[in-house]
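Kindly produce the complete structure, drawing on both the sequences and the hints.
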Amino acid sequence: MPELPEVETTRRGIEPHIRDAEIAEVVVRQPRLRWPVPEEISSVLPGLVVERVERRAKYLLLYTPAGVLIIHLGMSGSLRIVKTGESPAKHDHVDILFRGGQVLRYTDPRRFGAVLWQPESIVGHPLLKNLGPEPLSEDFDGERLFACSRQKKQPVKTFIMDNHVVVGVGNIYANEALFEAGVDPRKAAGRISRQRYLRLAEIIKRVLARAIEQGGATLKDFVGGDGKPGYFQQQLQVYGRGGEKCRGCQKILKEVKIGQRATVFCSQCQR
DNA sequence: AAATCTCCCTGTAGGC
DNA sequence: TGCCTACAGGGAGATT
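Under the numbering used here, the letters of the first sequence match residues 1 to 271, in that order.
Hints are computed from structural coordinates only; laboratory data are not their basis.
All the given hints hold, so there is nothing to weed out.
Simulated crosslink set (EDC-like; lysine to aspartate or glutamate; CA at most 16 angstroms straight-line):
| id | residue 1 | residue 2 |
| --- | --- | --- |
| 1 | Lys245 | Glu255 |
| 2 | Lys251 | Asp184 |
| 3 | Lys254 | Asp184 |
| 4 | Lys83 | Asp95 |
| 5 | Lys205 | Glu134 |
| 6 | Lys205 | Asp139 |
| 7 | Lys205 | Glu143 |
| 8 | Lys205 | Asp141 |
| 9 | Lys187 | Glu255 |
| 10 | Lys152 | Asp162 |
| 11 | Lys153 | Asp184 |
| 12 | Lys257 | Asp184 |
| 13 | Lys205 | Glu138 |
| 14 | Lys205 | Glu180 |
| 15 | Lys83 | Glu25 |
Set out below in structure tokens:
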């Protein structure tokens, strides 16, 4: 499941290949994603130049003079640059062909992702307008976590995964950040001190920034490769390690469900 | 308003 | 080996 670091790594991987390039053709093989892929993209996109590729939360935004192509990778999606003529595999649902020969290929076995077209401006777009701040921006800090959490009884893990509070903190990094911050994921958000939120916010930033750096360092081949940045599993402290020993105190890590999501933590190190 | 539930989909894992 | 079932998970939208 692409988390924010993987989406950002994808953005950095594809942008050099499609920036300032003119779209020649769009091929939609499977329009049934999370929402139907709009038919109009096949007729509207050709002739348009991709001016830049941005990321907002886990959405990738391909800006053209006529509108914005919005792409979400869901939990199994990926984007990569392939060569013209490379035959599509089973789950290669959308190709965007550029004049010059590059092909941006969208792959998504589980089809939880999305490819949408927003003519003109995306300002006020329903999918984007209620999103909280970017975790790596100055708009996100511990003061905000503290302020937003007052009176909230929901578990702190659910709270930091709420896109209204801060975007891009998915299940993996929520688990990791809470472990590093020494915060029990089950604890009510409203019962955590300002001091601890200041620390938690800094750790969220650090964990995400480090993952992006490593995504960059180990950038998989976006040209002709699999286009998947990978998850750097070897350095995950808790995610996927339920039942194994805590790397800090050797106690057995607990695994529970919080908000229908797998949650792993150390009852000794996280209070 | 806040919290919880449902649903979309298919690869993978586990049971037999 | 193969069949069957359960499950995971982002996140919008519905429901409580």
